[in-house]
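S.K.: Okay, here's what each chain looks like letter by letter:
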Amino acid sequence: MNISLTIPKTLDIAAIRQEFPILNREVKGRPLIYLDNAATTQKPQQVIDSIIHYYTNYNANIHRGIHTLAEEATADFEKTRDVVKTFIGAGSREEIIFTKGTTEGINLVAYTWGRKNIKAGDEIIISTMEHHSNIVPWQILCEEKDAVLKVIPINDAGELMLNEYEKILGPKTKLVSIVHVSNALGTVNPVKEIIAQAHAVGAVVMIDGAQSAVHLDINVSDMDCDFFAFSAHKLYGPTGVGVLYGKRELLESMPPFQGGGEMIKEVTLKKTTFNDLPYKFEAGTPNIADVIAFKSAIQFILSIGKEKIRKHEQELLEYAHLELEKIPGLRIVGKAKDKISVVSFIIENAHPQDIGILLDNRGIAVRTGHHCAQPLMDRFSIPGTARASFAVYNTKYELDELVNALKRVVKLLS
Amino acid sequence: MNPDLSIMETEKEIIAEFALFDSWDDKYEYIIDLGKTLPVLDAKYKTDENRVRGCQSSVWLVADYKDGKLFYQADSDAMIVKGLISMLIRVLSGRTADEIIEAKLDFIREIGMTTHLAQTRSNGLLSMVKQMKHYALAYKIKDPVPSKN
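Chains as they are written, first to last, in the numbering used here: chain A, 1 to 414; chain B, 1001 to 1149.
Calculated directly from the structure, the hints in this document are not laboratory data.
Mixed in with the good hints there might be a few duds.
[Said to hold, decoys possible] With a cut-off of at most 35 angstroms between alpha-carbon atoms, the simulated DSBU-like pairs for lysine-lysine come out as follows:
hint, chain 1, residue 1, chain 2, residue 2
1, B, Lys1027, A, Lys396
2, A, Lys396, B, Lys1036
3, A, Lys311, A, Lys85
4, A, Lys150, B, Lys1046
5, A, Lys335, B, Lys1036
6, A, Lys335, B, Lys1046
7, A, Lys326, A, Lys407
8, A, Lys411, B, Lys1130
9, A, Lys85, A, Lys116
10, B, Lys1140, A, Lys411
11, A, Lys247, A, Lys326
12, B, Lys1046, A, Lys411
13, A, Lys100, A, Lys150
14, A, Lys311, A, Lys335
15, A, Lys247, A, Lys145
16, A, Lys407, B, Lys1140
17, A, Lys271, A, Lys308
18, B, Lys1036, A, Lys411
19, B, Lys1133, A, Lys28
20, B, Lys1104, B, Lys1140
21, A, Lys100, A, Lys306
22, A, Lys326, B, Lys1036
23, A, Lys407, B, Lys1046
24, B, Lys1104, A, Lys28
Take these sequences, add in the hints, and give me the full structure.
M.R.: Have a look at this one:
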C-alpha cells in the first residue's frame, strides 16, 4: 500500500478547528479570531478530555501509593515523561524534569547550577531579544555572585549580531542563555552554532524553548544544548506544566532546587539524602492531571505532523506580511530571514493599546505591549507593538478579517 | 463640565449619549472622538511624577485647586484612554473634594466600559479614578474647610 496516497497534501483546517471547542465562541457578537498563540495556544478536546478523565477515574497521588489508582496515575504521569523524551530527542527519561513552565525551568538552573558554579568575575551571556524570564534570573544571580551579564546586540531586522557574540565570548564566559525563537519578533536564532561556539570556550548553554518547541523540530541531543526549557501551554497543552531538559551529568552534579517530598531518598532530622534523577528536582506533589494531559497535546501535534503544521503557519506568516504591509502607516517590527509564526507591528499615530482594544471589539485577540521584552522594545525605540501569532487552526480568512479591522483602526485613529 | 449639573446628572447625561449607539464600534468611535478633542497637556506636566501607574499606555494627570474645587487636566499617548479620561474630567473636574471622593461613577459600568476597570494592568482606568480621588483626598486634608477666595 502506498501510504502517501492516503495522506492529504494540505491540512484539513476545518476539521482541525472542530477539535477546539473554544473556537466556536463569539466575542463582542462576532466569531472569535484567536491570534495570541505565542502567549498561549487553545486546547483541543482530547487535552480537555484527558484532564476530565483523570479526575473522573484515577485521581491519586503518585509514586508512593500502592493502591490501584496510584499505580494508574503514576504510570500515566511517567508515560508523559517518555513521550516528552522522544519528542525533544533527549538521551534518557531521567533528563526530563517537570516544572511549572519555562520560567521555573530557567530559575531552577539559575538557582542550582548557577549558584554552585558562577563565581565573582564570571560572565553570563544573554541577548537583547530575551524575554524577561531569561534576563531577571541571571541579573539576580550576577548581583549575588558579583558576576557580569553580557548582552548580544541585534540588528534592525531583529537578528542576533553573531560577530558581536564572538567578541564577548571568552574564557570568562561560564554560561550562555539564549532564546531559540523570539516571542516578540519571531526570529529563529541559529542555536546550534551558538552552542558549539560556547562549548569551544567551555561555557554551558541554556536554551529558552518557550516559543520554539511547538513550531520547530527539537532534538536536544543533536543541538547539544546543556539545558532546554519550555512550557506545555504553548503546545496546545495545559497551563502549569513545563519541562526542563538537562544533560544527565550536569543535573547529577547540581544541588536540589526545592526541598520536600518526592525529592528525598531518606530523611533523618540530622541529614537528608536526595532522590535520583529526575525526582531530585520534583519536590512536592506535581501537577499530575496536567502532566498527563500534556501527553495528549503532544499526541495531537504528532498526529498532524510538525512539518505540516509549520508549512501551514509559514503560509500564514507570509500572507500576513504581504497583506499587513499594504496598510498605510503600518510597519512590521522584526524581519529576520529565519522567522516563524509571529508578526509584530506598529501603526503610525496608533498606540498598540488602542489597536488591541479596537481589534478585540471585532472579536480578534492579539497581544499588545512590550511582550515582557522591554530591552528589546528599547532597542527599537518603541513602547510596544501589536503582535499577531499563529497556530495550526488559524486561516487566511482570519488574516483577511485582521487586515480589514486594522484598516478601520487606521481610519478611526487618524 | 457643566457647572449647572451635579456629578450624578452629568453621569446620566453621558449614559443617555451612549444609549444612542447600537454597536460597540459606534461607542468606541465616540470615545476616540472625545479623546481627540481633549486639550493637549503642556509638555512640562508630562513628568514621571504626574504619571499614573498601572497603565499599559502613558497617562499623565494634574490637579489644580481653586475656590475649594479641583480642576483636572490629563493626557495619554493612547486615544481610547484619552477618551475615557475626557469623560472622567467632564464628570469630576470643578467639583469639591467631598463630591469627588464620594462619586460612585456608575456611568462607567452603565456605558459598558467595565472591562477597562477590571483590567487594571493593561488599561488603568481604575488607576486614573484612584489617582483623581487621591488628589481630592490630599486637598481635603490640606484644606479641611474649603476657603472661598
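S.K.: A:Lys411 and B:Lys1130: Cα distance at most 35 angstroms?
M.R.: holds (32 angstroms)
S.K.: Can you confirm whether the C-alpha distance between A:Lys335 and B:Lys1046 stays at or below 35 angstroms?
M.R.: holds (33 angstroms)
S.K.: Against the 35 angstroms threshold, does the CA-CA distance of A:Lys326 and A:Lys407 hold or violate the hint?
M.R.: holds (10 angstroms)
S.K.: Within a Cα-Cα threshold of 35 angstroms, do A:Lys271 and A:Lys308 meet the stated pairing?
M.R.: Violated, at about 53 angstroms.
S.K.: Could you grab the alpha-carbon distance between A:Lys326 and B:Lys1036 and see if it respects the 35 angstroms cut-off?
M.R.: Satisfied, since the Cα-Cα distance of roughly 26 angstroms is no more than 35 angstroms.
S.K.: Does B:Lys1046 lie within 35 angstroms of A:Lys150 when you go C-alpha to C-alpha?
M.R.: Judged against 35 angstroms, a Cα distance of about 34 angstroms means the pair holds.
S.K.: So if I understand the rule, the pair passes when the alpha-carbon distance is 35 angstroms or less; does B:Lys1046 with A:Lys411 pass?
M.R.: holds (27 angstroms)
S.K.: Do the alpha carbons of A:Lys100 and A:Lys150 lie within 35 angstroms of each other, as the hint requires?
M.R.: holds (27 angstroms)
S.K.: Has the given pair, B:Lys1140 with A:Lys411, been kept, meaning a C-alpha gap of at most 35 angstroms?
M.R.: Since the Cα atoms of B:Lys1140 and A:Lys411 sit roughly 44 angstroms apart, the hinted pair is violated (cutoff 35 angstroms).
S.K.: Hinted pair, alpha-carbon criterion (35 angstroms max): B:Lys1133, A:Lys28. Please report holds or violated.
M.R.: Cα-Cα ~32 angstroms, so holds.
S.K.: Would the pair A:Lys396 and B:Lys1036 pass a check requiring their Cα atoms to be no farther apart than 35 angstroms?
M.R.: holds (34 angstroms)
S.K.: Hey, A:Lys247 versus A:Lys326, does the alpha-carbon distance stay inside 35 angstroms?
M.R.: violated (47 angstroms)
Violation of the numbered hints given earlier is confined to hints 10, 11, 16, 17; the remaining hints are satisfied by the structure.
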